[in-house]
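Asker: Join these two chains into a complex; the hints should help.
Line by line, the protein sequences give chains D and E. For the first sequence, counting from 1, position 155 maps to 155 in my numbering; every step adds exactly one. For the second sequence, counting from 1, position 18 maps to 307 in my numbering; every step adds exactly one.
Just so you know, these hints were derived from the structure itself, not from any lab. These numbers were taken from a predicted model, which means no experiment stands behind them. Every residue gets a Cβ at the ideal spot worked out from N, C-alpha and C, and that includes glycine. Please note that a few of the clues may not be correct.
Quick list of in silico lysine-lysine cross-link-like pairs, BS3-like style, CA-CA up to 25 Å [stated by the list, open to error]:
{"hint": "1", "chain 1": "D", "residue 1": "K141", "chain 2": "D", "residue 2": "K125"}
{"hint": "2", "chain 1": "D", "residue 1": "K187", "chain 2": "D", "residue 2": "K125"}
{"hint": "3", "chain 1": "D", "residue 1": "K41", "chain 2": "E", "residue 2": "K477"}
{"hint": "4", "chain 1": "E", "residue 1": "K454", "chain 2": "E", "residue 2": "K490"}
{"hint": "5", "chain 1": "D", "residue 1": "K26", "chain 2": "E", "residue 2": "K555"}
{"hint": "6", "chain 1": "D", "residue 1": "K26", "chain 2": "E", "residue 2": "K636"}
{"hint": "7", "chain 1": "E", "residue 1": "K448", "chain 2": "E", "residue 2": "K414"}
{"hint": "8", "chain 1": "E", "residue 1": "K414", "chain 2": "E", "residue 2": "K346"}
{"hint": "9", "chain 1": "D", "residue 1": "K242", "chain 2": "E", "residue 2": "K750"}
{"hint": "10", "chain 1": "E", "residue 1": "K555", "chain 2": "D", "residue 2": "K41"}
{"hint": "11", "chain 1": "E", "residue 1": "K448", "chain 2": "E", "residue 2": "K490"}
{"hint": "12", "chain 1": "D", "residue 1": "K202", "chain 2": "E", "residue 2": "K555"}
Non-contacting residues of chain D with respect to chain E, defined by C-beta distances greater than 12 Å in every case (computed) [said to hold, decoys possible]:
{"hint": "13", "residue": "V155"}
{"hint": "14", "residue": "K171"}
{"hint": "15", "residue": "D190"}
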Amino acid sequence: MYKIVKKRPLAEQIFLMDIEAPRVAKSAQPGQFVILRVRDKGERIPLTICDYDREKGTVTIVTQCIGVSTHLICEHNEGDYILDFAGPLGQASELIHATDEELANKKILFVGGGVGAAPVYPQVKYLSNRGFKPDVIIGAKSKNYVILEEEMRAVSNNYYITTDDGSYGFKGMVTDKLKELVEKENKKYDLVVTIGPMIMMKFVSLLTKEYGIPTVASLNTLMVDGTGMCGACRVSIGGQTKFTCVDGPEFDAHLVDFDEAMRRQNMYRTIEGQKREELEKNHKCKIGR
Amino acid sequence: MAKIPRVPVREQAAQERIKNFEEVSYGYNAEEAVLEAHRCIQCKNPRCVQACPVQIKIPEFISAVKNKDFAQAADIIAEDSSLPAICGRVCPQESQCEGSCVLGVKGEPVNIGKLERFVADWGRKENYYNPTKVPTNGFKVAVIGSGPAGLACATDLAKLGYQVKIFEALHLPGGVLEYGIPEFRLPKEEVVRYEINNVIKLGVEIETNVIVGRTITIDDLLDKEGYHAIFLGSGAGLPKFMNIPGENLNGVVSANEFLTRSNLMKAFDSEYDTPIYVGKRVAVVGGGNVAMDAARVARRLGAEVYLVYRRSEKELPARVEEVHHAKEEGIIFKLLNNPVEILGNEKGWVTGMRCVEMGLGEPDESGRRRPIPIKGSEFDIDCDVVIMSLGTSPNPLIASTTPNLNTEKWGGIIIDENTSQTSREGVFAGGDNVTGAATVILAMGAGRKAAEQIDVFIKNKFGKK
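Extracted from the complex, chain E is given alone in its bound form (with noise of 0.2 Å):
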């Protein structure tokens, strides 16, 4: 058979999507799915497995797509993961499971994305997913924050017997994926309520509005409320900033708040209440997925957006698809830069941003050379808006309200490599909270691997019912 070419993806053009928020991403046909499928060599030792955090059995699900049974494809991925049709909207598969794809030593890797992408979008088209609740084992866990961590974890628990419940601080479930990731790449209605919804099906039940370390602690829900064990999900935490002058003046928000307003409370629209100000000209500090969902978003309410990264284009940290879309969309790329100042008027609003040029020195601990400023090399960029990207620092209202559960020193929970317990017997741990901000389908990966050593604890400490 002759080389077939990676099968390209239709998308919402540049200049049209800037003007809504639908998604960019159409995703593949059956067709396309087919043709992309018959791309996969089926090696026998397959590294896009090794190479995913949730090892999903991507050749055999590959293979059953590239015979048209997309029902058994179904089948196969939903053995390791309960929610397909995010990962394959937002995984950063090019440093993972296509990043490892042979095929990408000569040529271009399979779109594994892509195809998980369809074959969940199948699934949830043609309502082929029923989970339904399996008998109770009597064992009662606790999971703390309905984020990709928590549901991953609720999910593989579920699916063992156990009665869950998952404890969400804010008035929806979903974590990141509701607050975090923008509509347009990841719809919400249609997406993340679906499968939202399949996990709450596999019989976990969801409280919202309770913040735990604050509504009840870890201590009554040991105690008083009967859970035989808990897992802490609890995510990224408090927004970073950068200690520069001018950042509380006003205009200067945090990404997590710019996102949460359009995501979450849906300030982009005009019929809810929240409010977002956007003003002309934004200025992105930040090189993430998070710098880059606040970048588009600004555009699509209508600004000039500048992206100011300190290091070079190499060093971005988000996914290349996404920095791809940004820059189509016209997403002025401000790099090796770096602000040192923000600039306001008399009546304390933003005007601009002061920033110093930057070379690059020797590698850095994380691998990454280290951003050096040029002296004297300042200017500045007009805006009246700057969202700060810079990520987060763990949140500490569990850790401080749980005695003698250890943390880092920059706040993180400590867990044992092995079990995913944390200093507190039965508490176990795993995702952003752990690791700091990291990705959807990583934190997933830290939910599935507690949920197995919490049925292990379980068992070895109370035996079976």
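The following block holds chain D by itself, in its conformation from the complex (with noise of 0.2 Å):
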């Protein structure tokens, strides 16, 4: 069992979570995640880390209740346990093996969108703490979704805001804000680091293609165990099926069939909405006798 030590709303259905989970905030590193699962006859769901303390022992997490299994860790509370959480899974982020002078030679760029500006904030904060702020977008549905504003200012060097609205920031998506950057205030940039929804990592991909700027992207698939034994998470990576889990989840973005990543995203939504749908008929049932 793993307590919940903290936790706290980030914006609207959003809640950070930090689990003591010795082990793995011992070994975590950016880039990689984590598998919980919250009770007996749950799924086990993929969550990429977004924070750890080594010496607490803890690792953070960020949720947004959006299904059924979302909405039962969102129920949770501090002090309350969760029942696995295993980890930490995946590789870890090319930049951590990168030297000192290639990183002071590279100008860095991280998109993020919605609930990805999460996992995008380990990552920034790891250069910066070797002294190499990247720029950062981030990109929200509005200003109440906006999160983690303040702690990602504290590492990045340039940090823009763009709301889908104009309810903060710079209205428009992260793609037009990158053109901005790129075409009219001439930034250069070496490599672009995006994390959020698969059609924005899409988008930012097409766009940073077409600028020549390699590009990596953090893939969210589908997993069941998360060790590479289920082969759930398999995506097309220049033609050739990788596992996100053990072979990613970062890979170039260039090289991605966002396409049919997408697709295959969305093989068990119909059965996830029965679920869901049953689990709000059975709710309504017992308030009823």
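Answerer: This is how it looks when you write it as structure tokens:
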């Protein structure tokens, strides 16, 4: 059992939690993920690590309540326990292997969207700790959905917020901002790292391909075990099948077949929808009794 | 005494069992077991014992059953196997003990598997086993993986007084017994948990949610956590695919994924959150036990099921009993057929599978006749789900994070055949991660052998505490 030592709302329906998991905290690296299970009948849910504290032995995760399982996570409070918490899984970000010299000569831009801002954070923080603050663009639906703003500002060089409705920061998509930075402000980037909804990563990738900027995307595919056993997470990378859980989650974005990846993400959507309806129906029944 | 025919085993009727996940075989009751035990002629040089990977003293335990001394029978089996209720259910007896039974030459062999199961089930129901901890000898061994190899290794070491801790990557112990083999063949709560609890009663600790190679490394265990030796029983690994067009369509899954969803995550039970997609018509590709399991799970979840295998029935690697049960349950066998493409609709979902008919040529390196495609024989099977059951390749997580651990080109961990030791001193291995996908009992045998060698290694290197 893994204790929730801290819970804090970040935005509407988005929560940050510090989970006591000393072994995971000790080995976690930026770019890796965990798999958790909230209750006995629950799913195994993959979540990218948002932060870790090796001394306190805690790992930070950020969840948005969207499905049955994420709702179950969010219903838990400080002091409650999560049944299973396994990790860190996947390969760490390539950046941790780069030398200081390499990093000094590399202008890096992170592009995150939605809760994807959470897994962007440990990478930006990592670079900042090594003395190389990157630029960051974070996109959100509206001001209410912007998360980790203060934390991110503290560790980034230039920090840009975009909102779809213009209620905060730049009005438009992250790609519009990226376009502005490159085309109008003549910013030169040597690497773009993008984490967020597949559709956003797809369009970021299309744009950076035009600009010829090498780009890395962190894929959030379906997974069951997360250790290479099931193959639910397979993706096509330059025409070759790879397993996101052991080969990724980060891949060369320009080689990712995003359309296939998006289609595969939806494989169980109808069943999940049915489950949710059932759950809600059963819920009502009990009240009626 | 008149010759007794092999005592038949009572089973759940096929029409009934395809609607549930309860155990197919009921096994023998005491009367049936005693009668079947009378068939054993008590060979002086029992070939069955030689053919058993853990060398259970088969004639001796059968003799005890014959004398209705089930407790003694249980004691005899326990000397060599800690998981008898599991092995009695899932061993390929026809190619091991029963396959070498003298009675099988002219008639039918003794039903050794069902007798083992009977004794184990009797022990459980009577609460006969009560394993206890033996005094510790002060040495620590880490076992990686809680499948059959790890459990067998841990059991033997614990009995010798070692402090054993098993590290399991998943949230439940058991490995393939938990995620791979379905409930109707191996009940989880009643049988698997019970036998694992017996291992725990010996003093073995199991820590779940630890992925060795990620959460901790082999070197951490040796250097920081003070283990004197390590056994790697990490099992099979990554599912293989065919690399044919359409394999990433929605509706194509590996048997590992399908079975893990159903067995470990209990997706067959609507109270559990994990979804499973079955569709109306399922094509399972492969002919091993895993393929049979996937086909029969899909059948129970309401699908019409085809099993597509590129060789003929004679070459099917699955246990005879599983093939027989699968046929009874209405699985349609498409033998000497091989998929060449998976067909999909414009939305990317599977609509069918294109196959080619195969002929059999000369025997290949496996000794089985090589299947050869027959030109122009292509045909399509209508289906909305394809389950690939083509075996696995070893998981690279441990090998890639353990310096100087030598592996075969295909990824299997290399061990010294005599000592079970890998290229790293103090690190031993056995089971599917060494041999490639095999059986529960072979993994157990490898685990037991490694335990013996770990004992020798520790005594030589560290002496007695």
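Asker: Against this structure, judge whether each hint is valid.
Answerer: A quick look at each hint next to the structure:
Restraint check for D:K141 and D:K125: the C-alpha separation of about 24 Å stays at or below 25 Å, so the hint holds. Taken as a hint, the D:K187 and D:K125 pair is honoured in the structure, with Cα atoms around 22 Å apart against an allowance of 25 Å. Taking the CA atoms of D:K41 and E:K477, the gap is about 15 Å. The hint holds against a cut of 25 Å. In summary, the hint linking E:K454 to E:K490 is supported, as the alpha carbons are separated by about 13 Å, within the 25 Å threshold.
The hinted pair formed by D:K26 and E:K555 fails the criterion: a straight-line CA distance of about 32 Å is larger than 25 Å. Among the hinted pairs, D:K26 with E:K636 is inconsistent with the structure: their alpha-carbon atoms are about 43 Å apart, more than 25 Å. Simply put, E:K448 and E:K414 have alpha-carbon atoms about 23 Å apart, close enough for the 25 Å limit, and the pair holds. Using a Cα cut-off of 25 Å, the hinted pair E:K414 and E:K346 holds, with the two alpha carbons roughly 22 Å apart.
Note on D:K242 and E:K750: the hinted pairing is violated, with a Cα-Cα distance of about 43 Å set against a maximum of 25 Å. Distance restraint check for E:K555 and D:K41: the Cα-Cα separation of roughly 8 Å lies within the 25 Å cut-off, and the hinted pair is therefore satisfied. A hinted pair counts as satisfied when its Cα atoms are at most 25 Å apart, and E:K448 with E:K490 qualifies at roughly 11 Å. Between the alpha carbons of D:K202 and E:K555 the distance comes to roughly 34 Å, so the proposed pair goes past 25 Å and is violated.
D:V155, annotated as away from the interface, keeps every beta carbon of chain E farther than 12 Å; the closest lies near 26 Å. The beta carbon of D:K171 sits about 34 Å from the closest Cβ of chain E, which is more than 12 Å, so the claim that it is off the interface holds. With a least CB separation of 28 Å from chain E, D:D190 remains clear of the 12 Å interface cut-off, as annotated.
When the structure is compared with the earlier hints, violations turn up for hints 5, 6, 9 and 12 and for no others.
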